[in-house]
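Once you've looked at the hints, dock chain B against the given chain A.
Number of protein chains: 2
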Amino acid sequence: MRLIVPLRGVIQGRGGLFVGSLIPCCLFYFLQLYLKGRRPPPSDPTELPRTSSRSNLFSRGNSIGRVRVSSRALPVAKPSDSPYYIGLERVKTDPYDRITNTDGIIQLGLAESTLCFDLLQRWMSENLMDSIMQSDAGEFDISNIAMYKPFEGLLELRVAFADFMSRIMGGKVSFDPSNMVITAGGTPAIEVLAFCLADHGNAFLIPTPYYPGFERDIKFRTGVELIPVHCRSSDNFTVTVSALEQAFNQARKRGSKVSGILFSNPSNPVGNILSRETLHDILKFAQEKNIHVISDEIFADSVYGDKEFVSMAEVAYSEEFDKSRVHIIYALSKDLSIPGFRAGVIYSFHEDVVNAAKKLMRFTSVSVPVRRILISLLSDVRFIEEYMTAHRQRIRDKHIRFVEGLKQLGIPCAVSGGGLYCWVDMSSLLTSYSEKGELELFEKLLTVAKINATPGTACYCIEPGWFRCCFTALADEDIPVIMDRIRQLC
Amino acid sequence: MRLIVPLRGVIQGRGGLFVGSLIPCCLFYFLQLYLKGRRPPPSDPTELPRTSSRSNLFSRGNSIGRVRVSSRALPVAKPSDSPYYIGLERVKTDPYDRITNTDGIIQLGLAESTLCFDLLQRWMSENLMDSIMQSDAGEFDISNIAMYKPFEGLLELRVAFADFMSRIMGGKVSFDPSNMVITAGGTPAIEVLAFCLADHGNAFLIPTPYYPGFERDIKFRTGVELIPVHCRSSDNFTVTVSALEQAFNQARKRGSKVSGILFSNPSNPVGNILSRETLHDILKFAQEKNIHVISDEIFADSVYGDKEFVSMAEVAYSEEFDKSRVHIIYALSKDLSIPGFRAGVIYSFHEDVVNAAKKLMRFTSVSVPVRRILISLLSDVRFIEEYMTAHRQRIRDKHIRFVEGLKQLGIPCAVSGGGLYCWVDMSSLLTSYSEKGELELFEKLLTVAKINATPGTACYCIEPGWFRCCFTALADEDIPVIMDRIRQLC
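Protein chains in written order, with full-length UniProt numbering: chain A, 1 to 490; chain B, 1 to 490.
Check before you lean on any hint, since a few could be wrong.
Because identical chains share one entry, a pair is satisfied inside a single copy or across any pair of copies.
Here are the computed lysine to aspartate or glutamate pairs in the DMTMM-like style, where the Cα-Cα straight-line distance is at most 25 Å [to be verified]:
{"no.": "1", "residue 1": "Lys323", "residue 2": "Glu288"}
{"no.": "2", "residue 1": "Lys307", "residue 2": "Glu443"}
{"no.": "3", "residue 1": "Lys450", "residue 2": "Asp97"}
{"no.": "4", "residue 1": "Lys219", "residue 2": "Asp235"}
{"no.": "5", "residue 1": "Lys257", "residue 2": "Asp199"}
{"no.": "6", "residue 1": "Lys450", "residue 2": "Glu308"}
{"no.": "7", "residue 1": "Lys358", "residue 2": "Glu225"}
{"no.": "8", "residue 1": "Lys284", "residue 2": "Asp235"}
{"no.": "9", "residue 1": "Lys219", "residue 2": "Asp199"}
{"no.": "10", "residue 1": "Lys407", "residue 2": "Glu443"}
{"no.": "11", "residue 1": "Lys358", "residue 2": "Glu215"}
{"no.": "12", "residue 1": "Lys219", "residue 2": "Asp352"}
{"no.": "13", "residue 1": "Lys253", "residue 2": "Asp306"}
{"no.": "14", "residue 1": "Lys78", "residue 2": "Asp352"}
{"no.": "15", "residue 1": "Lys92", "residue 2": "Asp352"}
{"no.": "16", "residue 1": "Lys307", "residue 2": "Glu112"}
It is worth saying that the hints were derived from the structure and are not from the lab.
Bound-form chain A, shown alone (with noise of 0.2 Å):
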């Protein structure tokens, strides 16, 4: 009790009595005047609880007694002050539209992917019917899709899901069905997980620039801080043991509980692929601090350069890793470009997480209707591996030809092997380097050239001027529109 130091000089006779007495007045009366400062103003009168008096009950058209929501539901229920929602909700006003509108606002802040509409079209039109109304009898059963499932998923679809992942990443890796839980999309994968590895108020360490839509996915209801790791150009943005050794230290001195670390590979917004020696850096690093890893690999067959991509579940296998602190997020909003269904995949080494995960299901587990197709579509392997390998092609060239447009205007992109965007650097056309000249370049894009890309502010990135610019949900000749509208601020 190293505290009542004052009072060791009383039995000491070293003229404690005085010390020993002072020092606590002194901290009763500052904590009242600090208390006093920090108590909110007496309440509205119009916020007051209504009395049981009638006429105060029967009221109406006033704000008396308006009841209120909880204070956590407030800031969630304020519209965003990113500049990625702002982005995405101005092109709502006013979407492009090659045919019908074509001065309107160009999407590049949405990473979503039309590549093989083709395929996937085909397939549904062939397979959807038989894939929700097949039964082990043959004929459809209705039982078979409207009544209570597990939520956490039927194992056919996690097999289905084992597999196909497995084949994404070339066959390097296997996993187990019963490491993983179905959830409706990648974005509750992640707000579940945070749940499960921090609680209210700890942080996770995150390298920056970061997917933007992170902080939604994590603070809106867990309460989880997150912890920007700077990353920067000069390294690519690629995170550094250095870089995270230093934001935990930091943290650690604010009194902040580090519980993991999180981060996309292939990276998002940056698009650069982690090789398998910074995976066994960051895992050491975690190790060491006996924190939790939780890498988002949902862009994992949406890569495109040489490089090659390795699933932090591979380095989890290496023997000298305890793969409990290892956590997966997948996903087919992006590699197999159907959003629209939900479907995402938590994919946990720690038996704790997965029974929890199991049970949190019951908010957001994927209809029965769904998984029927999902398991006819993941199993199909014939499909699948067409799919692979156009989806790759069709992403490699239209990268080439956004790069190269982009390139003849003098814009440079970060070198990035996948995603289904680029991060382009901008800061030759900023009227200032700073956040507020970004923040005025990314008005004037989507006024002036009615493009919506998402600015780095948006994304935590610490160097003014870089834009993640989504391309694949464009067509070839979208592209020269969009490179003339940027050749006007140029």
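Just chain B, lined up with the frame of chain A:
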């Protein structure tokens, strides 16, 4: 600043220096002793973070440094000790089948209905494909189902839901689609409402007996407490304002902040329908206390008695009330018997709740293919009318058969008018009139009679011997089997 009384003594020259020092000193030292007493014992060495030494880093097969999940996930990960979930799990190990497993456990624990599966099967066979594949242009377009759509539900679906809800409520109340948020089932609807209406540690009053799932729905993540308002068989378990008042006052004395009242109507598990007067009284009470009202109306169309169902929305529309405190939960799992589709609704008169809930739908949105099916299904007025008529008639018939069977065994049921279950008074079968006796009977029902019925304890009923028995997934020929099995225990 009332607390600094001692210093006033100094100013007023009443020897306050001594008192003004003594009190803070006492508080200070007592606080230290208290904190020391509460401090956790030194951590187990097995839980210390690993050091960076290689010997620790690469150790495997022991528990040194095993990473821990969050403290809030641990209770979620553990198996439940509620007889409700225990019963459901036991059925899975040996489910009754009238052809292949006649000696299995008969499920009376799950509120699902197969009564109108013939109608649903016909509708799905004829319309499912078209409903998913339809588009404005006539031809199937994959982008209609595969791409991102607003998480909170398409306007078309909200309009269809609003019409459907109004229809099952006899057209006495109309629902505004802009007050509506579509959720992936009733379960996330109640969770999201709890998050929006109450902060962590706040409470809802809830009349007992209540649906056992509310515990998980509300407590797992939102941290909202449920304060039981005990109802008795003498009132047919109907809540009264005096019971609410008493529970509210007791909660306040204990320092709990009550944020709302949550109840289901028709009541789950009793099946009674709240009268217009009772709803009026509840809303008046809520207005007096300035708290929210959450009315779970997912059994609104599953009514079979003579008593009219009245929605809380209808009462809220009465001139005298501030509607913003009223929130309604609805879902298609019960009335339309499609829990596998995971489709529910939050209907709220509070703008902040609607806005916050829309944003939270990123975690629990309905997939687009299922939205398309639901739009077609709910808009098919001829089918819906046919379904409603058959559904009500068949529940009525099944209820009569089931209750009659029990009556012949001398086992009475509570008076009920809705729901997929009845509330059975098996107190005559208890060996002791206590919770222990009830749980013994639950176990005997499971192991001897091989029937899973949910005991009142799981529903927080204070009178022993009541069981919820769901009868709408039973075939007529199952009922005599059940009665024969129960007879063994009489």
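Verification of the supplied hints:
1. Lys323 x Glu288: So Lys323 and Glu288 pass the 25 Å test inside one copy only (13 Å; across, 55 Å).
2. Lys307 x Glu443: Answer is neither: 35 Å inside a copy and 60 Å across each miss the 25 Å cutoff.
3. Lys450 x Asp97: Answer is within; shortest intra-copy Cα gap is 12 Å, inter-copy 63 Å.
4. Lys219 x Asp235: Close neither inside one copy (28 Å) nor across copies (45 Å); limit 25 Å.
5. Lys257 x Asp199: Answer is both; intra-copy 9 Å and inter-copy 23 Å each pass.
6. Lys450 x Glu308: Close neither inside one copy (36 Å) nor across copies (56 Å); limit 25 Å.
7. Lys358 x Glu225: both (24 Å within a copy, 22 Å between copies)
8. Lys284 x Asp235: within (20 Å within a copy, 64 Å between copies)
9. Lys219 x Asp199: both (12 Å within a copy, 15 Å between copies)
10. Lys407 x Glu443: within (22 Å within a copy, 74 Å between copies)
11. Lys358 x Glu215: both (24 Å within a copy, 16 Å between copies)
12. Lys219 x Asp352: both (22 Å within a copy, 18 Å between copies)
13. Lys253 x Asp306: The answer is neither: 41 Å in one copy and 68 Å across copies each exceed 25 Å.
14. Lys78 x Asp352: Between copies, since 8 Å is at most 25 Å while 35 Å is not.
15. Lys92 x Asp352: between (42 Å within a copy, 22 Å between copies)
16. Lys307 x Glu112: The answer is within: 22 Å in one copy meets 25 Å, while 51 Å across copies does not.
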